[in-house]
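Position chains B and C relative to chain A; hints supplied.
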Amino acid sequence: MKFKANVKVMLKPSVLDPQGATLERALKSMGHDNVSSIRVGKLIELVLESPDAEGATKAANDWADRLLANPNMENYSLTLEPLK
Amino acid sequence: MSVRAAVVVFPGSNCDQDNVRSWKAVTGLEAELVWHKETSIPDYDLVIVPGGFSFGDYLRCGAIARFSPVMSEIVRLAKRGNLILGICNGFQILTEAGLLPGALNRNKNLKYLCLDVNLRVENARTAFTRDYSQGQVIRIPISHGEGGYSLRPAELRALNDSGRVVFRYCAPDGSVSPGDAPNGSLDNVAGIVSEGGNVLGMMPHPERLAEDELGGTDGRALFTSILRALNGGA
Amino acid sequence: MTDSPNPNPNLWRDHNLTKDEYDRILALMGRQPNYLELALFGVMWSEHCGYKNSKAQLRKLPTSGPQVLQGPGENAGVVYLGDGLAAAFKMESHNHPSAIEPYQGAATGVGGIIRDIFAMGARPVASLNSLRFGRVDDNRVKRLLSGVVAGIGGYGNCMGIPTVGGDVYFHPSYQGNPLVNALCLGLMKADRIYRGRAAGPGNLVMLVGARTGRDGIKGASFASEELSDQDRDKRPNVQVGDPFMEKLLMEATLEILEKDLVVGLQDLGAAGLTSSGAEMAGRAGSGLYMDLDLVPLREEGLLDWEIMLSESQERMLLVVEPAKADAISAVFDKWDLLAVAIGKVTDDGLFTLKRKDRVLASVPARLLTDEVPVYERPIAEPAYHRKAKAADLSPARDHGDWAGLLLKLLASPNLSSRRWVYEQYDHMVGLNTVIRPGGDAALLRLPGSRRGLALSSDCNSRYVYLDPRLGGAIAVAEAALNVAAVGAKPLALTNCLNFGNPENPEIYWQFVLATDGLAEAAKALGTPVTGGNVSFYNEYDGRAIFPTPTIGMIGVIEDIANRLTHHFKEPGHKIILVGESKEELGASEAHYLLTGRDEGPVPSLDLAVAARLNGFLVEAAKRSLLASAHDLAEGGLAVALAECCFDLGLGARLSLDDPISTAALLFGESQSRALISLPEANLPATLALLAESRLSHKAVGQVSPDGSLEIGHGREKLKANVSDLREAWSEALTRAAAL
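Taken in sequence, the protein lines are chains A, B and C. Letter by letter, the first sequence follows residues 1 to 84 of the numbering used here. Letter by letter, the second sequence follows residues 85 to 318 of the numbering used here. Letter by letter, the third sequence follows residues 319 to 1057 of the numbering used here.
For reference, chain A alone in the conformation it holds in the complex (with noise of 0.2 Å):
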């Protein structure tokens, strides 16, 4: 089978993210003092072949863990479908 994946990598919330920081300013100094805590990530697509559903949520987990999110400094979600 094959699923569709959608990795999310976040910084940690405690990880200072000066993309986020920087669009904040830029976004309040047009003016938009109504906008706050922007943090920018990376959404990461990919297709795996697998079994079933249990085994691509293993594998997509064990490369976001080692390959796509460095778990010194980011989290990351997945989401994940069957492809038809």
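Any given hint could be a false lead.
[Stated by the list, open to error] Taking lysine-lysine pairs in the BS3-like style, the calculated list, with each CA pair at most 30 Å apart, reads:
id, chain 1, residue 1, chain 2, residue 2
1, C, Lys726, C, Lys460
2, B, Lys195, A, Lys42
3, C, Lys460, B, Lys192
4, A, Lys4, B, Lys195
5, C, Lys652, B, Lys108
Calculated from the structure, these hints are not laboratory results. Quantities reported herein were computed from a predicted structural model and do not represent experimental measurements.
Just chains B and C now, with coordinates in the frame of chain A:
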């Protein structure tokens, strides 16, 4: 006539002083620094938008800078026909601001690249290039992480057909093949002018090779061209 | 601050202190410190901040001279360059953070050293980076290499500070513990040096720049531990660098210094507010207090000790007369930065932390800075040292295929072109780079002056491992020779001393001897040490790195028009080999390449000869006698000669008759040698100067137009095609680094 030149300074600009210095070294003239928060500026004959990282450029290069107050003044001057020169980050800002078509993407090897490249002068009739000769091969450095030029094919054709591609990455002998564009630019585009011919955007840094001591002088003719154009020279 | 009769034994361990150190604190304080106070001691008495294991050895180093305006102990050393200009420069390590998150670790290392430089009032104009990695054919190492190089570029390029040079070597000893040593240099007027002093009771203490978050907490004590695979949870939050913020901070800081609005300033590095506050008070002999309620935070709920130990980047501490505070705020407003008064200078000698009127901690500042215990650790000669000299050097000596060996050396990870690395660094921004990366030393022109400033970093750690004293001396001599080879007089040095665990007597033995050698060479060559950094505990799973006392050398040439570069300029120019070639194949790159073994006697060094060679090169450059000069280093004569040919694709023909093996002549690494080329017309004057300098030398050949490299030695001959050599040399690292 005395030429009034300005270099715009965004908080993350870092080639602003370099342009002031090279403009002076080549033309003997001063250039004024203009802070990006200015809402009204004089009718400078030449405005240089310099290289650097205008606002850190974390989202897209130049994406935030285009909203700086000074940008509407630069658009005003561009519409008047005054000369606007965007170098590197300046080129990126001018495309984000809509003064020049297209966009600059990440280099094809995904790495920042700082090295001398060969450029072929594709149009030596512009106000920026008249002291070069048509087809001349010049050596100028690039220094960027996002310099791969892209544009929709039909527009790119139109740009090529109307002589608006001013510089192209090439081999030392002047031949052009995709491998000569270290950043992966479409059609090896390194610099383009606006339809009116008064706005030039280029990724390479002419101000970096304008003195012998720095290893080359191929950038000088860009500044002498501008001076001659502004002084009404043919 | 109540006394408790049975303190928890983990009390000191939590703060990386020993029982003895805890007792010393009790005695000094005359009472039991509370948790926060103990946390202050823990970081200030760590090796990283307090140099407790290295101080005794560092005292051996020469630190003064007429050119030294500021020696060690400040944010950076400062030397006089002439024409009213001075340079502030320093090198620092960021090894452990780079091992964990290579991009951010390297980037924040660069950011930290840049802040040290503009904290002295100097505008940073150049960076160098000295890097060491494990085997480049390992994918993990490739990722580290890519990440570190991208991080250095990402930060420096954005700041607009050119990265003009450095060095990169690969060796298995760095497999789990890479080295990232960053050097930054800034320029200032010689009469405008600022120092990190909290002087003037009643003056305000202002925190400027970024907000404080939970970044890198306990980074200082983390740097003072060995790495292993097990301790992921102990690791501090990785600091993330924001070069744009630092650019703003630099411009704003230089603007307030230009306007003379500041009494003293210091950047916040390891141990954050704790070390900057205590050090500023300690140096001025004053006290100061901070109100933690006033520290601008990035997130809610930071504990007292977290605020004090946070290593959030891009922050500075200023001491300001109250009347000037508004002017300071106006400048920081312009740059959209925070500037907040968080405390005041006092005259009670105490470093006091409060929240409003509630005192959280109060410690005499000098206990934190001046009463750090100083350890003379036991030393023991390692077993490897006794065996390593007796090496079988026949694989190189009897090799025979000299052209093949030269090609292999030029394509090896350690000797190939570093183009792949420095092309990722903006090395031209600022329009001062007169000699770009790839030469013996980088050369910058100085504003408003004909003078130029040369910079080089160097350390052959195999030499130091095999013979720490000699290796330490050679590191200094080599860096000085690099600088002299572009025509600049070596002036002063900074260092970054990277070693394993100093509590291991064999490691401490390396440290003591290497610093002995370093001190001897620095004295003999007239290049005082103006500051630097010690990085211990560079071990991974119990295995130490090669001892690596990296040297960053600067020098001055009076007129950049007289600069020398290493490449041959014209066919027909005469080539002279200056210096004596000896039967010294031990510890060579050639032996390592052929055997994979680090062994053999390290080449000998005569510091008097080294000094005379430097003097000759500087004088010959000044008199415009030479067309080129290149020092001989790893790979010896053959590699150096090939490098001289590459730029213009010229060739060279040499013929020598030294009574040593052909292998030693071609690839031996005898010290204090240089290859020079010159027009025939300058031969008499050059030979006279060589004689006057009492340097042995041989007119051995000439530059040829045909792109062929030939070295004859009796009946033996090395013959190779320069374009083949160049192809192998220039592309090797690009290929090796590709994942």
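Cross-check of the supplied hints:
{"no.": "1", "hint": "C:Lys726 - C:Lys460", "result": "holds, 21 Å"}
{"no.": "2", "hint": "B:Lys195 - A:Lys42", "result": "holds, 19 Å"}
{"no.": "3", "hint": "C:Lys460 - B:Lys192", "result": "holds, 19 Å"}
{"no.": "4", "hint": "A:Lys4 - B:Lys195", "result": "holds, 29 Å"}
{"no.": "5", "hint": "C:Lys652 - B:Lys108", "result": "holds, 28 Å"}
Hint compliance for this structure: every hint is met.
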